[in-house]
Amino acid sequence: MTTFAIKVFTVPAMVLALSGCAASGNTAPQQEPQVRQVTQSAHCGLTGPGVAYVDSAGELESLLEVRGQNMSTGVIRQVDFTQEQLIFVTLGQKPTAGYSLGLAEVSQEKNTLKLRMDVKAPAPGMMVAQVITSPCVVLATAGGNWDRIEVTGVTDQPLQEPVKR
Amino acid sequence: MRVLIALFLLSPWMVTLTGCSDSSGSGDEASERLLSPLSGSIAIEANSRIDQDTMDQLGREGATPANAAQTLPASFVMAGYVSRGAGTYPAAASACQTKNYQADPADTFSVPLAAGETIVLKSFGTCGTDVALELLVEGYPPVRTSGRDETAQFRLNSGPTDDYQVVVRNVGSLPARYMLLKTAGTTQQNAAYQWSDHRFEEGEAIVTLKESAPGQASALSAQAKLVARKLGERTWLRKMPATARAQAGGRPVPDTLDWIRSLRQQPDVEFAAPNYRMQSQSPVGEPLYSKQWHYDVINGPVAWQIEPSGGSGVDVAVLDTGLFRESDASGWHPDLNRNVVSGRDYVDNDFDPRDPGSSVGGNVYHGTHVAGTIASVIDNKGSGGVAFGASLLPVRVLGEGGTGSSADLIEAIAWLVNGSGGQPPRAQVVNMSLGGLPEIPQLESAIAAGVNKGMLFVAAAGNGGTRVKSYPAASSNVLAVSAVDGARNLASYSNYGSWIDLAAPGGDAGRDANTDGEADLVWSTSAAFESGAYKPDYRGLQGTSMAAPHVSGVLAMMKAQKPDLDYGDVRALLASGELTEYSGRRSDQLGYGVLDAAKAVSAASQGFTGPVLSASPAVVSLSNEGVEAQLVELNVYGSAPVTGVSVESQPEWLEVESDFSGEPFILNVALLRDRLTPDVPARGDIVVSYNLSKELRIPVIGQLITDEKARNAGRHFVLLVDTEPNEQGVYLAEAQVTTTVEDGEYLFAFEADDGAEPRSLREVTPGDYYLVAGTDIDGDGFICQAGEACAEYPVAGLREVVTVRPGQVISDLRMTTGFSRPTISAASPDVLPRPGFQGYRLINSIDRVAATNSQLKALK
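From first to last, the protein sequence lines are chains A and B.
Take the first sequence: its position 125, counted from the start at 1, is 124 in numbering that gives the first Met the number 0, and no numbers get skipped.
Take the second sequence: its position 475, counted from the start at 1, is 474 in numbering that gives the first Met the number 0, and no numbers get skipped.
Any given hint could be a false lead.
27 Å max Cα-Cα, derived DSSO-like pairs, lysine-lysine [what the hints assert, rightly or not]: (1) B:K98 / A:K163; (2) B:K209 / B:K238; (3) B:K468 / B:K452; (4) B:K290 / B:K452; (5) A:K119 / B:K468; (6) B:K561 / B:K468.
These are calculated hints, taken from the structure and not from any lab test.
In this text, all values refer to a predicted model and were calculated from it rather than measured experimentally.
Make the full structure from the sequences, and use the hints.
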């Protein structure tokens with residue numbers, strides 16, 4: 000499993016302000032963002048918690064070629080980047096089996112796509128396989144006028160990723 | 000890391016020389032390189048070859064795809080380009096430049112192939128898009144690339160050694176870069192490496208006579224020249240008479256087979272067979288052994304000599320997620336199937352303990368991995384388990400996601416214990432690579448009932464990195480196993496504490512403690528998603544889950560030696576340091592120490608005094624471009640004296656000098672180049688005999704690589720690139736030269752900026768750069784993409800800044816190009832991942848004119 004830190008950005012206030020300007024200047028009609036879960040895995044090989052936006056096959060390959068990952072790559076590669084883009088949300092390295100994350104809620108607030116994740120962890124005292132895991136979920140998104148992703152539920156502080164679309 | 004290259008400053012007379020040279024227009028290359036502000040050479044990795052009509056060839060005026068087949072040597076790593084049609088690459092952000100490509104639907108090669116050899120085709124597509132290719136070997140149906148790696152393989156199972164026509168055809172809609180491989184020794188090939196299934200001794204046959212042929216037997220006995228050895232009542236090892244060899248024309252292999260066919264026609268012969276060479280008899284001979292550092296850590300090779308049956312007759316229950324079974328397959332994972340006996344499923348409450356995988360995503364088949372470490376079979380494929388002869392009894396107690404209930408575990412253990420009466424237990428050893436439970440009285444009772452029947456229980460200590468007790472490992476009737484890395488240090492995640500009994504390899508992905516160039520993962524059986532379904536495969540994992548089965552496997556071998564070995568015996572042996580590499584002091588990290596299979600098995604072996612010889616390294620690999628001579632230590636195990644040590648036999652291409660005067664015994668093994676067929680890997684065993692009937696076989700691989708001058712990785716672009724990528728993550732080149740291969744290497748030289756605009760591509764201005772080189776075989780304007788050669792100064796993966804200063808000359812820079820890419824390991828700790836790295840973008844000469852014209856810049 001390769002150590003691989005996905006960039007996690009805490010957007011400074013100034014950038015937020017800039018983003019606000021950009022959003023207010025955008026006169027395109029609002030679309031509801033569509034987000035669907037493509038797949039999830041307990042062994043993504045990505046050892047840090049984070050979020051990554053992927054809109055090209057080249058970027059996708061760099062995530063799928065990480066050593067130790069065991070995702071259903073076929074369904075991920077079937078995504079047509081002209082129609083949808085991918086969002087990888089990773090939980091980071093976990094000590095045992097029994098961890099997973101799924102999509103709980105989608106919303107858009109101004110220029111931010113907000114994803115609330117449902118993280119499952121083994122209950123205290125539960126019997127679990129003692130293998131190191133690196134859970135993640137892969138989402139496909141279409142539509143919506145947003146240029147920032149905010150993921151809650153994975154870490155104490157929301158994960159934020161500015162996006163060029 | 001910034002490194003200022005060792006330079007020599009141009010002295011005034013050299014400046015004068017420069018002037019003279021320029022003014023005279025001398026074309027002397029050596030002078031040019033001397034005068035160049037930056038020059039050097041690029042060596043090429045062994046066996047590198049290039050397709051004769053890559054896109055950068057086809058892009059030349061009037062060029063057309065080659066019609067004739069390209070001849071390839073016996074071993075090669077070749078890169079190529081195929082495209083069904085002509086067109087323009089899409090204007091992707093960073094994956095490729097908007098350039099035209101030409102049609103080249105198929106490439107044809109002439110490849111020498113022998114039975115048992117494999118050709119591998121890997122497609123890399125273009126512009127980040129997968130493209131399927133077909134591999135067609137003359138006379139055989141085509142094989143299409145598939146799976147995550149777009150890989151196709153062709154293995155010549157039988158048939159004559161000959162030059163075969165091999166065609167690579169593009170069946171996709173976009174062009175594709177590809178690699179065609181036929182090698183021994185590369186990592187890729189090593190994974191598929193197999194000892195030949197059909198190797199036999201030339202001129203020998205094992206002949207069994209019919210019962211009604213006593214006269215013939217007597218005759219054979221009398222014919223000393225024809226008989227090598229009597230093997231049984233009616234079975235003989237026969238030597239081929241010289242007349243038969245002469246009749247067959249002297250070709251050794253068909254000669255022997257023809258003779259054996261003729262023997263089978265003889266009325267008195269019941270059966271005749273080749274004298275097959277010894278196949279792998281322990282995990283040491285399995286193809287994956289080179290990755291399984293964890294077996295050396297536990298002293299496995301010695302243990303397998305003491306207990307050569309590998310725990311045969313012992314049943315090991317694997318309480319886990321069940322076992323992988325390919326859909327519609329008649330058996331389990333093929334590297335387990337022969338050892339698997341009927342089990343139970345307590346999750347679904349039936350008798351089918353198959354691991355159903357995950358309904359929502361990936362699965363690593365935890366139970367299959369654990370079972371493989373215990374008892375995957377020895378079959379010259381994949382890997383072998385610690386107790387490769389033991390039976391695996393799968394009991395599914397962990398459901399989807401690797402979680403389960405203590406109730407299922409208790410019920411499963413009770414089933415294995417098989418009642419409180421006189422019935423024997425269903426398994427003698429129980430592995431539990433699970434944990435996280437609190438202390439549960441019913442679970443303790445169930446385990447205690449098993450211990451009373453002589454069962455041995457092993458559990459993973461847990462991966463919390465804490466002292467907190469994890470059950471069932473912390474149970475007083477269970478061996479709690481913590482995990483160590485390749486240097487026998489506690490793994491970063493492993494639990495520890497007063498309740499740890501012993502340690503075993505569990506791996507640590509963040510370390511390469513044994514500096515073998517690979518992360519310390521434990522390799523075993525698993526399954527991988529390919530072509531829409533999970534297929535049997537192998538994978539490296541880490542965790543105390545991986546450590547526990549090493550102990551279970553060793554206990555199975557101990558039980559094979561001493562069937563009445565019970566938990567009390569094991570604890571006594573543990574406390575006296577007989578099961579581990581014991582320092583004399585118990586520690587909370589490692590308990591009584593790291594498992595030592597050889598000590599453990601010999602302790603269980605009644606009356607074992609040895610001796611057993613063990614080779615270190617267990618497998619020797621030599622080549623004229625790598626290690627050409629190797630010192631092999633033969634360590635003695637056991638208290639009995641070693642007598643009569645001698646080298647019984649060795650491959651003829653090997654020189655073996657022995658020093659048996661003191662322990663450890665020493666073998667100096669050296670390659671005899673002139674006895675090897677160039678570029679064809681040879682394999683054989685050094686056989687060391689001792690104490691009359693004992694022998695140690697040391698597998699050896701030898702290669703004579705002679706292609707230095709013939710190597711060609713294709714036309715190279717040598718770039719000086721900015722040390723930081725642009726906003727799109729692309730490294731932009733500031734200067735660029737091209738070079739073609741000459742006698743197996745590339746020479747390059749940049750020119751100093753003469754100040755004239757536009758600056759030529761070859762001219763370099765003072766500044767900080769990375770020096771890189773590579774091919775652009777698909778003509779998409781990027782070098783160093785997958786399937787393209789790549790060199791970085793000084794070492795690929797470890798770029799260092801080259802500073803060009805006014806008036807200074809940097810010469811004789813050396814780097815190496817090749818198609819392989821560096822891996823991240825402790826041996827090369829500075830190598831970092833490059834997510835999204837798409838190669839280096841070549842300079843578009845039109846861009847250069849615009850970008851360097853100062854007037855245009857001013858206008859902008």
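Hint-by-hint comparison with the structure:
no., hint, verdict
1, B:K98 / A:K163, "holds (25 Å)"
2, B:K209 / B:K238, "holds (19 Å)"
3, B:K468 / B:K452, "holds (26 Å)"
4, B:K290 / B:K452, "violated (37 Å)"
5, A:K119 / B:K468, "holds (23 Å)"
6, B:K561 / B:K468, "violated (31 Å)"
When held up to the earlier numbered hints, the structure conflicts with 4, 6 and fits the remainder.
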